[in-house]
Amino acid sequence: MSRADNQGVAEIKARNKQLIDEVLKVYPEKTAKRRAKHLSVHEAGKSDCGVKSNIKSIPGVMTIRGCAYAGSKGVVWGPIKDMIHISHGPVGCGQYSWGSRRNYYVGTTGIDTFVTLQFTSDFQEKDIVFGGDKKVTKLIDELQELFPLNRGITIQSECPIGLIGDDIEAVSREKSKEYGGKTIVPVRCEGFRGVSQSLGHHIANDAVRDWIFDKSAPDTSSKFESSPYDVAIIGDYNIGGDAWSSRILLEEMGLRVIAQWSGDGSLAELEATPKAKLNILHCYRSMNYISRHMEEKFGIPWCEYNFFGPSKIAESLRKIASFFDDKIKQGAERVIAKYQPLVDAVTAKYRPRLEGKTVMLFVGGLRPRHVIGAYEDLGMDVVGTGYEFGHNDDYQRTAQHYVKDGTLIYDDVTGYEFERFVEKIRPDLVGSGIKEKYVFQKMGVPFRQMHSWDYSGPYHGYDGFAIFARDMDMAINSPIWGKTTAPWKDAPQPSLMAAE
Amino acid sequence: MTQNAEHILDHSELFRGDEYQQMLAKKKALFENPHDPADVDRIKEWSKTSEYREKNFAREALTVNPAKACQPLGAVFAALGFERTLPFVHGSQGCVAYYRSHLSRHFKEPTSCVSSSMTEDAAVFGGLNNLTDGLANSYNMYKPKMIAVATTCMAEVIGDDLNAFIKTSKEKGSVPADYDVPFAHTPAFVGSHVTGYDNTLKGILEHFWDGKAGTAPKLERKANNTINFIGGFDGYTVGNVREIKRIFDLMGIGYTILADNSDVFDTPTDGEFRMYDGGTTLKDAANAVHAKATISMQQYCTEKTLSFIKGHDQEVVAFNHPLGVSATDDFLMTLSRVTNKAIPDALEQERGRLVDAMADSSAHVHGKKFAIYGDPDLCYGLAAFLLELGAEPIHVLSTNASKAWELKMQALFASSPFGQNCRAFPGKDLWHMRSLLFTEPVDFLIGNTYGKYLERDTGTPLIRIGFPIFDRHHHHRYPVWGYQGSMNVLVKILDKIFDEIDRKTSSVGKTDYSFDIIR
Chain A
1 MSRADNQGVA EIKARNKQLI DEVLKVYPEK TAKRRAKHLS VHEAGKSDCG
51 VKSNIKSIPG VMTIRGCAYA GSKGVVWGPI KDMIHISHGP VGCGQYSWGS
101 RRNYYVGTTG IDTFVTLQFT SDFQEKDIVF GGDKKVTKLI DELQELFPLN
151 RGITIQSECP IGLIGDDIEA VSREKSKEYG GKTIVPVRCE GFRGVSQSLG
201 HHIANDAVRD WIFDKSAPDT SSKFESSPYD VAIIGDYNIG GDAWSSRILL
251 EEMGLRVIAQ WSGDGSLAEL EATPKAKLNI LHCYRSMNYI SRHMEEKFGI
301 PWCEYNFFGP SKIAESLRKI ASFFDDKIKQ GAERVIAKYQ PLVDAVTAKY
351 RPRLEGKTVM LFVGGLRPRH VIGAYEDLGM DVVGTGYEFG HNDDYQRTAQ
401 HYVKDGTLIY DDVTGYEFER FVEKIRPDLV GSGIKEKYVF QKMGVPFRQM
451 HSWDYSGPYH GYDGFAIFAR DMDMAINSPI WGKTTAPWKD APQPSLMAAE
Chain B
1 MTQNAEHILD HSELFRGDEY QQMLAKKKAL FENPHDPADV DRIKEWSKTS
51 EYREKNFARE ALTVNPAKAC QPLGAVFAAL GFERTLPFVH GSQGCVAYYR
101 SHLSRHFKEP TSCVSSSMTE DAAVFGGLNN LTDGLANSYN MYKPKMIAVA
151 TTCMAEVIGD DLNAFIKTSK EKGSVPADYD VPFAHTPAFV GSHVTGYDNT
201 LKGILEHFWD GKAGTAPKLE RKANNTINFI GGFDGYTVGN VREIKRIFDL
251 MGIGYTILAD NSDVFDTPTD GEFRMYDGGT TLKDAANAVH AKATISMQQY
301 CTEKTLSFIK GHDQEVVAFN HPLGVSATDD FLMTLSRVTN KAIPDALEQE
351 RGRLVDAMAD SSAHVHGKKF AIYGDPDLCY GLAAFLLELG AEPIHVLSTN
401 ASKAWELKMQ ALFASSPFGQ NCRAFPGKDL WHMRSLLFTE PVDFLIGNTY
451 GKYLERDTGT PLIRIGFPIF DRHHHHRYPV WGYQGSMNVL VKILDKIFDE
501 IDRKTSSVGK TDYSFDIIR
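Protein chains in written order, with the UniProt record's numbering: chain A, 1 to 500; chain B, 1 to 519.
Calculated from the structure, these hints are not laboratory results.
One thing to keep in mind: the hints can contain errors.
As the list claims (entries may be wrong) - Rough simulated footprint, nothing fancy, chain A against chain B, three-plus residues with beta-carbon under 8 Å: (1) 7-17; (2) 25-32; (3) 41-55; (4) 183-197; (5) 266-274.
These numbers come from a predicted model, not from an experiment.
All C-beta atoms in this analysis are idealised placements derived from N, C-alpha and C, irrespective of residue type, glycine included.
If we strip away everything but chain B, and leave its shape as in the complex, we get (with noise of 0.2 Å):
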């Protein structure tokens, strides 16, 4: 018998034991039809080639594990980030299922969001009776301070119009007519999580300032001295915005995080249930349209948002994902020309500091190959901190990119000598991405938890940054922006490759005279 009770054995040991596998061998010759075991083979071979990546690249239907979700994701993410905001996804509530589990295996915290539920008859009649009851619901018994809805696309497919809903839900009396009800149309057909975030934040933006959908006046812009900063749809949003918030202090700056959800993603285990905790508040929202500049960390997470910013006469600034000392140079620097405040010496010292780990580490690094796959500004972040380090990213694949992020890209790679041999994939998933490394190995993988198939399949280490990460806890804690943030991303990178000398070499007798204690 397998099993013993004081050594109780989990699923990866347990069905190693002999009785399991001569059970599931049985299993096998006897009931499941299995192929040839060389048909296997012959086939696990075939796709590693370049013939197989040939048609692989030719598909123009299929698609095999793709680095996106869906918009509303990103939108329930971007209203988590306004005070005692309760999303509110119109549509099937199934989906609203799926994003609270998604945001919570990667962050294991509380998602709240509702959806209104709407099946068959909605599907005939529209789901405006869904949306009137639904609202009339949650307000009462989440007493939200705001209700951001966002589509499905259910909702979207029958052309349900959320401006006259929403309009008609408040006359029917679902909720008080002042109530603020931002929303934005976000199906899931079009873009991926990132344009549902942008299409999120500017519809709470244009609520506030533009008149809340025709029943109040539009605010008129008085410019002040302060800035907005938009994280963008980050998986590290809580140590992120926290280390941002940190910069803007040391600097003396004034601003508002637009969508703040540090918070509400970080809740303490004290014995209560926060439903809504931190985030920005609605009358900073509202504010913001007096800012002297908006500042965003995605640009392909802001391109809607920024352009209507734009529009409300605010000088904006958008970067990609900045990492390493260049790309965060940049950073403070523009900080610093919009505010017309100094960069203080303590930020110059964790430059310094930053300056030096990667003096002390570049030569593990250096030449390195990897390839890079995620969201754009994050694919681009990375790979330009690669570049500084003297490694190459040679594939950089982005299932949610367009043509203009591959030019850009393309323009990164040709910057640089270590850029020389570097491409950028767009609108490829992550069997692409498999092709690729079979057939152009390189030495390293940097992606989100999915990347763990890749890893296996082609024998490439994988290092773990994106999101969602499910199978490692709490790196969103930790920063990656910045100096510091920087720092962090560096040390992942080395101890992936540390960890792989270690394992190449730890073979007693034979490879152990490399097995190092000192680096």
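In isolation and in its complexed conformation, chain A is listed as follows (with noise of 0.2 Å):
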């Protein structure tokens, strides 16, 4: 069904009205009025792709998202390796969130680095009855007292932190006192709070600008000499090294990367950011808020960009450099050059396995766009896309740079309209995550998980495009998909013919 097939667009955008009509004929009545806004055919020009998005998932269906707590622990602050994050409430938001993300650091884990530890409240019924301040309060003490090179405390408020009306600032503030003006940080991301782990980012975003930066002043914070070409990486976790392959090129660049954000970031990193002379940023829908809040009140610009694929990658690194003078400019250049050979490489041995070929995603974040360069890098096609929790800010960016005429777009996809949608469409690769990954596999479609790299990556960065372009051939072109179907079942049964 690729386009390579000389499909027409007007072919396509037909067949993919048809689906959502068909999709949406299960729903009860005033169910399929709500989802029919949010599944849509790009039309090429228009701003955005059409859909609505950030609104309340439908009760009692399948959808894919996560909530507020899954985006501050999970994402925003889970990565900050020199702090302890204490999941505050009953034990299974923490166990589940436990090593899940594969936010990759350096340091002594359970001494100086706690990302990998699981720290609860693991609230009881008699928490629930008397509030559970006094519990947190006397936690942090034996928190100080058995971790004592913990740089900073956050506390994660799960759903009954909010309910039952717990007040976790108070005893932040109080506990930061004693302890000399520790960093102790309230992050009422209850889940129950927004419609998607999207208000978890936003709010983890407030709490660093409220009990990080406001706290301390951005002058006296870092100790090290301020450079002009200094530059923080903002947004990007560090999922299978993802950030470590990113700022290798910035530095090569001649950069100075002063701070991580957050995958293998630290407290002193955080703080250091408002020293930064341009803020880049790769997660836009997770930080951009604390960007556009650096810029209005400590000046600092901000630009995004994508490191997933050659094109992208070199495209941003002209637009990082564009802040700098010409020596950054070269350095661009340079770096540029002096990756072309192994993107070279790359492609010469994939592309050929790989054109043509077609995709579905469905992920968070911003890879249900970033992605896309990638994948067309390779010869490959994205014929459907959509965000988990994304904005519409999102979709604009995604119609206007990234997805052709004709793609299918489904946001906040219930598991039933996805596995129609793949089911007719039959792409040659679905990109999700693991709740989806099984499902296709079954189908016999081939998957990659990509919120985790399917335990693989890095994906940024020129080194991870080479790992990214292994693991689609790897993925499509595997053997296995050739066995789904029995050998018997294509012939015609000698019963069947018997009963002809």
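Since each chain sits alone in its own frame, please combine them into the complex, following the hints.
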């Protein structure tokens, strides 16, 4: 069904519209009406993708979305490595988010770094009845005693905290004072807030603003001498080492990365960020808030970049360089030239195996658009995409810079819709998460987890592109997909022939 | 340049290159405000001491690396064991994303489950509308035969009453009046995933046996000769349930597996996604009231369920994840007693083969010291098997176990000369275990995937048995119950023991005189 097969865009659009009509038929009327707003076929030239977004999921459908806690603890705060992040409330949330996002870091775990530990107040019934403030107060004392090298603490609220009216802000202030101004950050990221993990990102950004920036004046916080080439990486969670394979390019072009947010990041880096000359933002969705704040308050410009695939990497390196002098601009060209042989070799090897293959995506954050360029670098065609928790500005960016005319768009897709779409379109690859992976593989459709890189990675930067290309090839061209149907199914059964 | 198209380096090798190592060193020195390495070393060494252990065991408010999950996870697991049943979790939606991911990461299978997606307005006004709309949507979209509802902590804190809500939802026409919607309250701040399993299974049986929440007459028990079998929350459910069915078939027993999720967590890849597969039929779930007896493999997973069943005049028997010769003997003899069926020769031969295997290999296990952690029943079964092998289960720790479990464990230890130095730790977590392993070292650790952190920190080799196992594949397909299952467990333990001997003796010209090929 690839467009390379000469199928006209008009025909694709008609098919996609019909598909949308078909999936809507199964819902009760009210639900169908609501879901219809989230499904669309992209019209070239439009300013967005024509779907509503960031609206409550419908009860009883299999939404792929998570919650505010997942956005704050799982994404923004959790990877800050030298702080202890308390999952405050019942045991489950901390347990399920324990070590599951592959935010790589270097440190002595349990002594001076804590990312892959699960700290929880493990709420019991009595904590619900009497409140949890006393427990978390005591818990902080115990942390200080058992983990004396922690640089700071965050309190990540689970659902009950907000419902029973605990005052974690007061606890944080009191304990911070008691421990000589120690950084203790309360984060009101209860899972029922908002419609998805997205609000958790925003709340977490605001907590950085209120409890890190507003506490430490920017000129006193950092110990290093500023340079004219200081930048901060914002919105890279270092999944499989993404931020490292990005950072190396920035440093090679002559910039100095003074902070990583938040993969492999530290409290000192958070505090030093207001000294940056430019904030470079990868995941717009999760960290545009704090980037805008730093622009307003500290006058630091920010720019978005995309380090998936050589076309976007080169474009982004030049864009970042444009904020600096010729030394950096030349540096960018030097880096692009340096990696060109690697790009050529990777493309020469994998493009012939992937040319014309079609992909359907459904992911969170920036990926439903950012990875499209990397697929195109390999000659592949993204025929459907959508966001778990995107907002309208994500769909604008998608429409204006990434998707082609006729692409099927599905916001907050339900399990049912996604299955039907894939069944009908039969793409060569689906890129989504663990909850979707096995559904599509059972259907015989190759799959890659595009949240966690399916335990591979990094995918960012030139080094990451090589891995990305290899992984897509291995998924699509695995011999196993030729074996999903038993050979005797292809031939008529003897008994059936006899019956005829 | 590190990366090369002809030999692409993964993260495990890529970042070891000089360029990356220098970059990371610079990052640390200039920007991370690192602690003095001497301080890091000092605290690291201190964390291994008895002094640290004492402080660690004195903590009252903090939990670090618990070996338990929350109730609704168990609810989802149990509900998936019934024919065309959709688990529906009433509360905020993020929880369901977590349960689905967690189970899928262990079984490498899809996990179907929906939520009522409650948000702020539901927190204020209650979640009735979410439940009503949600039931209607799932019913239309996924065409389940039954929707089993459980709650999250959110719904529990605001006090949503499922019985009333489901009734009202039906009155509003969300699903037909006679449609099966069993339910259970499963607050995450009570018990753990095993409690959620128990509550949900009880909720489902109660629904069918006790008049479908007042909408049908209660079933009248007409005793027959079948037995009910409950596996409990079990990461090996695929292999175990099939093994148990094989044993029942060999013995000629009529049985009902209650919550049989062995097929739904093991569907074929043949071009079709089966959202539902296998499972206990709703008819069988109802008819289970007539059974002669109910046998549970996990006492602590089924306390309320068994008490409910006992109230319906059935004999109930609970085991503790039976493993090894004697525990399997007990299990079979109980089956035989309850059903009046003889234990066939085939099983006796399997028994003999397990004894044979243990006799062949016990020299390698005898006297070795083990630490075990996991769910209370699994811990008991594993400890009993180790004692049978002449090994010493020195530390047995269960985050979700009770004082009663501790007493039962201590009684088990007291019953064997190999149990004299062994101790049970209920309510403790894996950071406690870390202190135990440093201050009273053992030879091997048995536990789930999270144990790899303990293996790294303390150098205690980890044998992966439990739930979840995320970082090894397909263990769940092999049974750990019965004589054959015990054989699998024995092999897992032995493989690790032999790997360790090889690792310790492989240094050429130094220790490799013991690098044997025959053992």
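Going through the hints against the structure:
{"no.": "1", "hint": "7-17", "in the structure": "holds (count 6)"}
{"no.": "2", "hint": "25-32", "in the structure": "holds (count 5)"}
{"no.": "3", "hint": "41-55", "in the structure": "holds (count 5)"}
{"no.": "4", "hint": "183-197", "in the structure": "holds (count 5)"}
{"no.": "5", "hint": "266-274", "in the structure": "holds (count 8)"}
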